[in-house]
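Student: In case you want the letters, here they are:
Number of protein chains: 2
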Amino acid sequence: MKKIVNNPEYVVRDMLEGLIAAHPDALKQIPETTVVARKDAPLQNKVGIVSGGGSGHEPAHAGYIGDGMLDAAVCGEMFTSPTPDQVFEGIKAADGGAGVFLVIKNYTGDVMNFDMAAELAEAEGIEVEKVIVNDDVAVEDSSFTTGRRGIAGTIFVHKIAGAKAAAGGSLQEVKNIAEKVTANVRSMGMALTPCTVPAAGKPSFVLEDDEMEIGIGIHGEPGIERKRVTSADEIAEELTNKVLEDIEFNRGDDVALIVNGMGATPEMELYILNKKINEILLDRGLNIHKTFVGNYMTSLEMSGCSVTLLKLDEEMKPLLDAESSAPAFRI
Amino acid sequence: MKKIVNNPEYVVRDMLEGLIAAHPDALKQIPETTVVARKDAPLQNKVGIVSGGGSGHEPAHAGYIGDGMLDAAVCGEMFTSPTPDQVFEGIKAADGGAGVFLVIKNYTGDVMNFDMAAELAEAEGIEVEKVIVNDDVAVEDSSFTTGRRGIAGTIFVHKIAGAKAAAGGSLQEVKNIAEKVTANVRSMGMALTPCTVPAAGKPSFVLEDDEMEIGIGIHGEPGIERKRVTSADEIAEELTNKVLEDIEFNRGDDVALIVNGMGATPEMELYILNKKINEILLDRGLNIHKTFVGNYMTSLEMSGCSVTLLKLDEEMKPLLDAESSAPAFRI
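Protein sequence lines correspond, in order, to chains A and B. Take the first sequence: its position 237, counted from the start at 1, is 237 in full-length UniProt numbering, and no numbers get skipped. Take the second sequence: its position 209, counted from the start at 1, is 209 in full-length UniProt numbering, and no numbers get skipped.
Just chain A, with the same shape it has in the complex:
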């Protein structure tokens, strides 16, 4: 294992210190927790938006903290759900009296622990609502999931729910729009190489020198097929078509697109993919409202990509376009 780390047991702790040091005016760590919050949290009378999950997916989720996006992110250990008490700390950090909204990726541990935290918060009089994001069309059920997994589409939920809250939306209004985004966002990924959790010291799976895996999860969970590496155009077609088949897209629909890198994919390759994805979407008569290319939801040093499409309507569009100060998601 070749990594730039100190004690592998403390990578999350060390990362959080380095993160706060880099953004001292924007972020704070809640003492004795792994919760990162905006420096000025909680914002009075604004719905607080909280997300989180296992670490190793950076910039998800702490990079999405800022005006018009998240108020707090709860950082679990590597690929491990944060505990209910940590999530509860995140809820408290974001609570400005208008309720707190939780954006949860659909993994069994996350769902359970965020739910328990919500109960703890409600017992203390904090109103909590949630959405469970399950955008990954690759597989139904998986190693850590009942139903579909939540992956890069989660970023669109952060952005649009966060913009709604920033615009003064009520907890119920934030929930409604978050559910609408979740209903209209789909993703699918693939990997060329595995990744290694520092404390484990060896890759979570093995791919041969000429092999890729289609439909892989962001923790290296099995996908739908292992096969020989094909061209960028073929990969773009396979992922995009699977996403397009899953919900109804009609000619003239506005869509937002994320071409996401898994961590070790050169930006060049993501743009090469985008060339073909763009052609496919235009051929289908879709209007590409906005394209985001980069590392948004990663798996450490995994090489690979995912494609996310959100079908927009007139309510979602201005919320997606609204300004955000989150370092990892600029409009």
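If you're looking for bench data, these hints aren't it; they were derived computationally from the structure. Incorrect hints may have been included.
Copies of the same chain are indistinguishable here, so a pair counts whether it falls within one copy or spans any two.
Said to hold, decoys possible - Below, a list of computed lysine-lysine pairs in the DSBU-like style, where the Cα atoms sit at most 30 Å apart:
| hint | residue 1 | residue 2 |
| --- | --- | --- |
| 1 | K202 | K317 |
| 2 | K28 | K130 |
| 3 | K242 | K2 |
| 4 | K39 | K227 |
| 5 | K180 | K311 |
| 6 | K227 | K2 |
| 7 | K202 | K2 |
| 8 | K46 | K227 |
| 9 | K28 | K311 |
| 10 | K39 | K317 |
| 11 | K39 | K311 |
| 12 | K175 | K39 |
Here the structure of chain A is known, so what remains is to put chain B in place on it, guided by the hints.
Tutor: Chain B alone, transformed into the frame defined by chain A:
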């Protein structure tokens, strides 16, 4: 070689198409060239800022095109200087009548080809000035360089010279501030793994499973030492101390910092490095004005990092802090 590409000979062409498709409102490609320019270029009566070089260092340089930064980027083939006629096209694209300023990384081919392009432009009545960035303290002379190499410090030159031009600075004023940045910026890098140019099909060098190379260049040029991989803290110390030794930093000095990933380095590891770098700088009594952590000047899928420090003064600070719309460098 595992890569998401089509024909390896056409990776730059394909990338540029995907890049323009992702940013249709901000960027344009000059027809029949590998020049990317801001959509509204040339801006009348503003000094045009042009940079470029071999491709494979994305987001450098096309990601730095935008308000307050570059007007055009000239994209060479993989790790290959753009030709004089391509650079000349870039100069013409950026020329709004107030002259064009070239930011050149110090590689023999780049310096020669940008110089020839400047002569072509001057023959057509376009006033051209330049700066050559040589921030890499690792080695004097190298595979492709006489003198020191230009690496991630170049981004600070883009930003500050770009802000000066956006503020109405004359060609001479832009040159003066760019020279000041170059005189005050220093960098040093290291690698854990090599990278593979698609058309070559195999890595440009080999590192053993437990080896890293200190002082490596962004094309895999040899550094100053190969040794066993040490801890993040030791790597941070080695790079930062070498940078700090190279020019005089005094207690109370303001500095700006880039903790740069080489392409395949998880963001987590960059933040772990930043924790220690931050401690070292504070111990030295320096005031960290701003920290940038991420992939700014990469080498395809090389794993590794570089540390860049810029000693700021009261003239440079507001120019660094000025807003920019470049997708890869937000303040």
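Student: Could you run down the list of hints and mark each one as holding or not?
Tutor: Each hint, compared with the structure:
Proximity of K202 to K317 under the C-alpha cut-off of 30 Å is found in neither arrangement, the shortest distances being 43 Å within a copy and 44 Å between copies. In this assembly of identical chains, the alpha carbons of K28 and K130 lie at most 30 Å apart only when taken from the same copy (24 Å versus 41 Å across copies). For the identical chains of this complex, K242 and K2 are inter-copy neighbours only, at 23 Å across copies versus 35 Å inside a copy, given an alpha-carbon limit of 30 Å. For the identical chains of this complex, K39 and K227 are neighbours neither inside a copy (47 Å) nor across copies (41 Å), given an alpha-carbon limit of 30 Å.
In this homomeric assembly, K180 and K311 come within 30 Å of each other (Cα to Cα) only inside a single copy, at 10 Å, whereas the closest approach across copies is 48 Å. In the homo-oligomer, the alpha carbons of K227 and K2 lie at most 30 Å apart both inside one protomer (27 Å) and across protomers (13 Å), since each shortest distance falls under that limit. Within a single copy, K202 and K2 get their C-alpha atoms as close as 10 Å, and across copies as close as 20 Å, so both meet the 30 Å cut-off. In this assembly of identical chains, K46 and K227 lie within 30 Å of each other by CA distance neither inside one copy nor across copies; the values are 49 Å within and 53 Å between.
Taking the closest pair of Cα atoms, K28 and K311 come within 30 Å of each other only across two copies (26 Å); inside a single copy the shortest separation is 34 Å, beyond that limit. Proximity of K39 and K317 under a CA criterion of 30 Å is satisfied in both settings, with 28 Å inside one chain copy and 23 Å between copies. For the homomeric pair K39 and K311, the shortest alpha-carbon distance between copies (27 Å) is at most 30 Å, but the shortest distance inside one copy (33 Å) is not. Taking the shortest alpha-carbon separations for K175 and K39, only the intra-copy value of 24 Å comes in at or below 30 Å, while the best inter-copy value is 38 Å.
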